[in-house]
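Going line by line, the protein sequences match chains E and V.
Throughout the first sequence, residue numbering follows numbering that gives the first Met the number 0, covering 0 to 138 in sequence.
Throughout the second sequence, residue numbering follows numbering that gives the first Met the number 0, covering 0 to 511 in sequence.
Hints were generated in silico from the structure; no laboratory data involved.
Glycine included, each C-beta is placed from N, C-alpha and C at the ideal position.
Accuracy of the hints is not assured; some may be wrong.
Claimed, not checked - Label pairs and their in silico Cβ distance ranges:
| # | chain 1 | residue 1 | chain 2 | residue 2 | range |
| --- | --- | --- | --- | --- | --- |
| 1 | E | Glu55 | V | Thr188 | 48 to 54 Å |
| 2 | V | Asn213 | E | Arg52 | 38 to 44 Å |
| 3 | E | Asn136 | V | Ala420 | 46 to 52 Å |
| 4 | E | Thr89 | V | Ser424 | 57 to 63 Å |
| 5 | V | Gly481 | E | Gln58 | 18 to 24 Å |
| 6 | E | Gln110 | V | Ala198 | 34 to 40 Å |
| 7 | E | Glu132 | V | Asp288 | 20 to 26 Å |
| 8 | E | Arg52 | V | Asn174 | 25 to 31 Å |
| 9 | V | Gly481 | E | His27 | 30 to 36 Å |
| 10 | E | Thr89 | V | Pro291 | 38 to 44 Å |
| 11 | E | Glu132 | V | Gln287 | 16 to 22 Å |
| 12 | V | Ala198 | E | Thr89 | 55 to 61 Å |
To be verified - Straight line, CA to CA, 16 Å or less: simulated EDC-like cross-link-like pairs of lysine to aspartate or glutamate:
| # | chain 1 | residue 1 | chain 2 | residue 2 |
| --- | --- | --- | --- | --- |
| 13 | E | Lys34 | V | Glu149 |
| 14 | V | Lys197 | V | Glu150 |
| 15 | V | Lys173 | V | Glu149 |
| 16 | E | Lys34 | E | Glu132 |
| 17 | E | Lys34 | V | Glu283 |
| 18 | V | Lys350 | V | Asp295 |
Claimed, not checked - Partial selection, computed: residues in chain E whose CB lies under 10 Å from chain V:
| # | residue |
| --- | --- |
| 19 | Glu26 |
| 20 | Glu31 |
| 21 | Asn39 |
| 22 | Ala43 |
| 23 | Thr89 |
| 24 | Glu124 |
| 25 | Thr126 |
| 26 | Pro127 |
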Amino acid sequence: MQPDQPGQTFQPASAKPTKKVLCIEDEHFIGELYKRALDNAGYATTLEVDGVRGLELAQTDQFDIILLDLMVPNLTGIDILRILRDPTKTAHLKAKIIITTNLEQREDVRQDIEKQADGYIVKAELTPREIVEFLNNIE
Amino acid sequence: MDYFKKTKRQYTLNLLVALIVSNALVLSVWIILSYWQVRLIYTIIATVVVFIVFSLLFAISLSNYLIEPVKAIWQLILSISPHGESVESPKIEAMKVGREMTLSLSRQIYQLTSSSTNNANTIKHTPNPLLNDDFVASKLPLPLFILDQEENIIYANTSAGDYLGISAKDMTDKNFYMIMDMSFPSENTFDTWLKDVKANSAIASMSWERVKLNVLDNHPTRLFDLAAFYNRDNPEHYETMVVLFDHTKQYTQDDQAVSYVALTVHELRTPLTLLRGYIEALQEEIGQDSHPELVDFMLKMNAAAQQLTAFVNNILNVARIDNDQLQLSLHEENWAEIVQSAVNSISLRAKVRGISIETTIAPDIPSVGVDRLSIHEVINNLIDNAIKYSSQSKIIKVEAHLTKDGLVETTVQDFGLGINANIMSNLFTKFYRDHRNRSQVGGTGLGLYLSKAIVTAHGGNIWVKSTPGKGSVFGFTIQPYGRLAEELKNSDNKEITRSAHGWIKNHSLYRR
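Turn these sequences into a full structure, and let the hints steer you where they fit.
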């Protein structure tokens, strides 16, 4: 995929260091769409479909942003979030964690998730390009 | 007892003095008249007269003193009796005889009165013969509570104990709200009703549906209907009676229906995410230089996917409204910005039908108190409706202004089919659609029902004006943020939560 091909509307973040994104998403096609849009916009995206491996990758602390699906195999996104936010289990995490889900939560559960995460996205509401815009606006 | 002896001594002393003085006077009269050698008959008559007069005088003056303690206690009892005559309280401190005894007695009477008031309301202290095991309601197969004026439980039957998992005896004397922490589907709650009837009625009754008992995590959820009867002047102090009708099973099944809808929504959203993602990718790959027809197809596909996304959200939210789970968080927002954002998000759907949306927002609109995501859906639904019913007309007008009453009113006007007057009142009903137009226009009739619930939860009104053949205007009002300031002051978490039926969250756009 050429970032400067016709129709491309992204602003490559050439002046800034490349931001690394970990996308923990078990729906392969959605992961691919996100990776395409993010890489086109100048991010370096790593895809992971498995919850346990996703957590291990996140704990290496090499990412700036983690897109975390709540329904992933072997370890749920809620568990991953909790472990990443627990100082006794995750020494340091510079990454912003953005929850991406199509699941409807009970209000109390959702509020609890939102408190721990840096952002909350209903996937069906945003196209990959809109998600890139959302991430661009994260400090 | 000492006070009694002292009083007796005072009585004796007073009587003794009176007798001595009166006898001395009689004796003096006898001696003086004898000394003056008055005839015996006159002496006897004069002495008897003096004896009678002074005896009368002493009897009257003494009785006033001696009756004082009895009079004080009589006044005291009458003054505190609920059905007593209107008498002034006794001035015990000014009494000359038996003051200490009367003071002591009055204290005892006050104490007895206050404890007997309490005891009458608590079978724990003074078992009320009417509220024992033979009490007819003790065998009632419905949880029953009887409350006193202070809303303390004076009786709970066996069913109530079984229902709550607390023994009925442990509930007596406890405040009803401490035992029954309830949530109601609307602001018309049991305690607001009770406050109102206590202030305004002697007898009243009321029932509520779908009440939820807030229980600890390890207890099963309880959902029930509740009926209450209030009787202010009940002689037994049974002021309020409350009966519960358990519907946990039925109402939980309804909640599971929401879970089913939530599951369906999830399953619909995943392919929608892909559809919208690939449409966007295709648009980028094909670019604007492609064949105009292809570009047009892309736009229409995109608009259709957006419409489907909005519809999926409507299904979910209607399920929530129907199951009392609509809850909104009102924050200060810029209304012009919200209206413009909502118009922008639906403009593609208008564009593919060749319709343009004209937006006019008055410059003097103050900031508003709204739940951004939900009110966004209201505007979206109204514009979506206008698009559907525009027929051959190619313009929709969106306008926002401040009303004379200081409310922010927003209208969406189309120039399409219009609506017949006889069906206007049904428009905001679920699944209602104009039968006349059903074959021509798509839609489910959920949008207006949802919009009404959201606007109402915001404390606003939604309305429609229409002329068949000329088009319709849908409008709604919301409150400026300034009007909500007082409510916000009383809120712990610096936001206003409105609960029309429950919650309505997490349903559109994104949140940070």
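Cross-check of the supplied hints:
1. E:Glu55 to V:Thr188: 48 to 54 Å: This hint holds: roughly 50 Å between Cβ atoms.
2. V:Asn213 to E:Arg52: 38 to 44 Å: holds (41 Å)
3. E:Asn136 to V:Ala420: 46 to 52 Å: Since the Cβ atoms of asparagine 136 (chain E) and alanine 420 (chain V) sit about 49 Å apart, the hinted range of 46 to 52 Å holds.
4. E:Thr89 to V:Ser424: 57 to 63 Å: holds (58 Å)
5. V:Gly481 to E:Gln58: 18 to 24 Å: Distance hint for glycine 481 (chain V), glutamine 58 (chain E) is violated at roughly 48 Å.
6. E:Gln110 to V:Ala198: 34 to 40 Å: holds (37 Å)
7. E:Glu132 to V:Asp288: 20 to 26 Å: With Cβ atoms ~24 Å apart, the hint holds.
8. E:Arg52 to V:Asn174: 25 to 31 Å: Violated - the Cβ-Cβ distance for arginine 52 (chain E) and asparagine 174 (chain V), about 54 Å, lies outside 25 to 31 Å.
9. V:Gly481 to E:His27: 30 to 36 Å: Violated, at about 51 Å.
10. E:Thr89 to V:Pro291: 38 to 44 Å: violated (53 Å)
11. E:Glu132 to V:Gln287: 16 to 22 Å: Taking Cβ atoms as reference, glutamate 132 (chain E) and glutamine 287 (chain V) lie about 19 Å apart, which means the hint holds.
12. V:Ala198 to E:Thr89: 55 to 61 Å: This hint holds: roughly 57 Å between Cβ atoms.
13. E:Lys34 to V:Glu149: violated (65 Å)
14. V:Lys197 to V:Glu150: holds (11 Å)
15. V:Lys173 to V:Glu149: holds (10 Å)
16. E:Lys34 to E:Glu132: Cα-Cα ~14 Å, so holds.
17. E:Lys34 to V:Glu283: The hint holds at about 15 Å.
18. V:Lys350 to V:Asp295: Given that 16 Å is the threshold and the Cα spacing comes to 10 Å, the pair holds.
19. Glu26: Holds, because the Cβ-Cβ distance from glutamate 26 (chain E) to chain V comes to roughly 6 Å (cut-off 10 Å).
20. Glu31: Interface hint status for glutamate 31 (chain E): holds (9 Å vs cutoff 10 Å).
21. Asn39: At 8 Å from the nearest chain V Cβ, asparagine 39 (chain E) passes the 10 Å test, so the hint holds.
22. Ala43: Hint violated; alanine 43 (chain E) Cβ to chain V Cβ min 19 Å, cut 10 Å.
23. Thr89: violated (22 Å)
24. Glu124: Glutamate 124 (chain E) check passes; min Cβ-Cβ to chain V is 5 Å, inside 10 Å.
25. Thr126: Status holds, d = 4 Å.
26. Pro127: At 5 Å from the nearest chain V Cβ, proline 127 (chain E) passes the 10 Å test, so the hint holds.
Violation of the numbered hints given earlier is confined to hints 5, 8, 9, 10, 13, 22 and 23; the remaining hints are satisfied by the structure.
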